Every structure is written in structure tokens, then in C-alpha cells.
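Using the sequences plus the hints, can you model the full thing?
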Amino acid sequence: MNFAQEKEGPSRFMGIGIVVLIHVLFVWLIASGLARKAVEAVTGPIETKVIEEKVKPPEEIKKIELPPPDLKAPPPPFIPPPEFQVTAPAPPAPAIASTQVAPPQQQVQAAKPPVAAAPPAPPPVRTGPVKAGMVCTKMGKPEVPSVNWSGEALFRVVATVKSGRVSGIEVQSLRSGVDRKAQRALIAAIEETLRDTYECPGDHVFEQEFQFKIE
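For the sequence shown, counting from 1, position 124 maps to 124 in UniProt numbering; every step adds exactly one.
Among the hints, a few may not be true.
For lysine-lysine, the following BS3-like pairs were computed, each having C-alpha atoms within a straight-line distance of at most 25 Å [unchecked claim]:
(1) LYS181 x LYS131
(2) LYS138 x LYS162
(3) LYS131 x LYS162
(4) LYS138 x LYS213
(5) LYS141 x LYS131
(6) LYS141 x LYS213
(7) LYS213 x LYS181
(8) LYS162 x LYS141
(9) LYS162 x LYS213
Restraint ranges, calculated between C-beta atoms of paired labels, are given here [stated by the list, open to error]:
(10) GLY140 x ARG184: 19 to 29 Å
(11) PRO145 x PRO120: 41 to 51 Å
(12) GLN172 x PRO120: 29 to 39 Å
(13) ASN148 x PRO120: 25 to 35 Å
(14) LEU174 x VAL130: 18 to 28 Å
(15) GLY177 x GLY202: 13 to 23 Å
(16) MET134 x SER167: 28 to 38 Å
(17) LYS162 x LYS131: 14 to 24 Å
(18) ARG184 x VAL130: 22 to 32 Å
(19) LEU174 x PRO145: 30 to 40 Å
(20) SER163 x LYS131: 16 to 26 Å
Quick caveat, the hints were computed from the structure, so don't treat them as lab data. Keep in mind that this is a model prediction, so the values were computed, not measured. Just so it is clear, CB atoms sit at the ideal spot from N, CA and C, and this is done for glycine as well.
Have a look at this one:
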């Protein structure tokens with residue numbers, strides 16, 4: 001047996017482990033140092049500064065807010081105030097003292113003016129026909145016809161006049177008991193007299209009564 005080889009085995013492994021441990025330690029140191037330098041190179045040194053705010057004094061602020069007036073600008077136009085005319089009241093008229101003595105009441109009283117007479121009342125307006133004598137200038141009398149009858153007959157006539165001549169006749173008997181034949185003859189005599197002998201200028205309507213006595 002080779003006792004030398006058996007003694008060298010464990011020591012040999014221990015030396016290899018120590019060498020490996022030393023290499024790992026160096027690698028860790030190198031790695032940690034390089035990483036820190038890399039971070040410092042990237043970030044760089046950090047500096048902090050305090051910035052003070054500059055506050056302008058009040059005089060400078062007033063100068064900025066209130067610019068100097070423009071001397072070249074024209075002055076505002078002058079507007080004269082309105083004129084007021086005050087009229088003085090007219091002086092009162094001097095009072096005149098009256099020294100006249102009032103006359104007696106009987107002399108002062110004036111005579112009353114005469115009362116004017118009232119105008120005459122207009123004549124009443126006739127609404128019906130007027131009398132023949134008021135409008136006609138010429139009127140004849142009818143002739144009594146020869147009839148076989150005796151007695152008294154009375155007739156009322158309403159005549160219409162156009163242009164001075166009788167144009168219409170209405171006859172009304174006011175007595176009863178007259179024979180019809182005699183009545184027709186008497187009415188015919190009345191109508192003939194009105195148309196031939198009556199002259200009434202203008203246009204009128206009048207009434208007239210005719211009375212006959214036959215014995």
C-alpha cells in the first residue's frame with residue numbers, strides 16, 4: 001500500500017476548497033465595487049438648492065401699475081354750464097285811495113231795460129183739408145137739376161187740386177131720406193161746378209159743403 005497517496009488526499013481537497021473560496025470572495029468584492037461605481041456614474045452627485053422668491057418692493061409695483069400720463073393727449077373739451085334767466089316779478093301797482101262818496105242807493109240803481117215782447121205764436125198747423133175759401137180765388141154755385149123729389153139735401157165734398165184745377169172729388173151725403181135718382185143728379189151738378197168754375201192756384205186739398213132745398 002502507498003501511504004503517501006492516502007495522506008495527500010484530504011489535504012489536497014482542502015487546499016482546492018480554500019482556493020475556490022478565495023476566488024468567490026474576490027469575485028463578490030469586484031462585482032459589488034463595480035456595481036456601486038456604475039450607479040454613481042449614472043446618477044451623479046445630487047445637489048439641493050433653495051430658490052428664494054424675489055418680491056418686488058411696493059414702489060416698483062406702483063410704478064408698473066400707474067404709468068405716467070400722456071402729455072401729448074388733448075385736454076377734454078370745455079362745456080359751458082347752462083344759463084338760467086331769472087325774471088324778477090313785476091312791482092305791484094300802487095294802490096289808489098278812492099275819495100269819492102257813494103251816491104244814495106236810489107240814484108245808483110239803474111233803470112231796468114224794457115222787457116221784449118214775446119213773438120206771436122205761430123198759427124196752428126192744420127193736418128186735415130182746409131176750407132175752399134182759403135185757397136180758391138174763384139168759386140161758382142151749382143145749378144139745381146130738375147128732379148121728381150122735394151126736400152133738403154146736404155153734401156160734404158173733399159176736393160184735390162193739382163196745378164190750380166180740381167182733379168179729384170169725394171162726396172158724402174149728410175142727410176138721409178134723399179131719393180137715389182135725385183142724389184145722383186145733385187152730385188153730378190156739384191162735380192161739374194167744381195171742375196168748371198173753381199180756380200185754386202197751386203196744389204191743395206180742401207173741403208166744401210153744398211146744401212139744396214127743392215120744393
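Comparing the hints with the structure gives:
1. Simply put, LYS181 and LYS131 have alpha-carbon atoms about 29 Å apart, too far for the 25 Å limit, and the pair is violated.
2. With a C-alpha separation of about 15 Å, the suggested pairing of LYS138 with LYS162 holds against the 25 Å cut-off.
3. About 16 Å separates the Cα atoms of LYS131 and LYS162, which keeps this hinted pair within 25 Å; it holds.
4. Taking the CA atoms of LYS138 and LYS213, the gap is near 24 Å; set against the 25 Å cutoff, the hint holds.
5. Proximity of LYS141 to LYS131 is assessed by CA-CA distance (about 16 Å); at most 25 Å being required, the pair is judged to hold.
6. Proposed proximity of LYS141 and LYS213 is supported: the alpha carbons are some 14 Å apart, at most 25 Å.
7. About 16 Å separates the Cα atoms of LYS213 and LYS181, which keeps this hinted pair within 25 Å; it holds.
8. Taking the CA atoms of LYS162 and LYS141, the gap is near 21 Å; set against the 25 Å cutoff, the hint holds.
9. A threshold of 25 Å between alpha carbons decides the hint, and for LYS162 with LYS213 the separation of about 31 Å lies outside it, so the pair is violated.
10. A hinted range of 19 to 29 Å holds for the C-beta pair GLY140 and ARG184, which are about 20 Å apart.
11. Checked against the hint of 41 to 51 Å, the pair PRO145 and PRO120 passes, with Cβ atoms roughly 48 Å apart.
12. Between GLN172 and PRO120 the CB atoms are about 36 Å apart, so this pair conforms to the stated range of 29 to 39 Å.
13. For ASN148 and PRO120, the hinted distance range of 25 to 35 Å is not satisfied, since their beta carbons lie about 55 Å from each other.
14. A beta carbon spacing of about 19 Å between LEU174 and VAL130 agrees with the range 18 to 28 Å that was offered as a hint.
15. Against the hinted window of 13 to 23 Å, the Cβ-Cβ separation of GLY177 and GLY202 comes to about 38 Å, which falls outside the hint.
16. At about 18 Å, the CB distance of MET134 to SER167 disagrees with the hint of 28 to 38 Å.
17. A C-beta distance of roughly 19 Å is found between LYS162 and LYS131, which places it inside the suggested range of 14 to 24 Å.
18. Taking 22 to 32 Å as the suggested C-beta distance range, the pair ARG184 and VAL130 conforms, at roughly 28 Å.
19. Restraint check, LEU174 to PRO145: a C-beta distance of roughly 19 Å breaks the suggested window 30 to 40 Å.
20. For SER163 and LYS131, the Cβ-Cβ distance of about 20 Å falls inside the hinted range of 16 to 26 Å, so the restraint holds.
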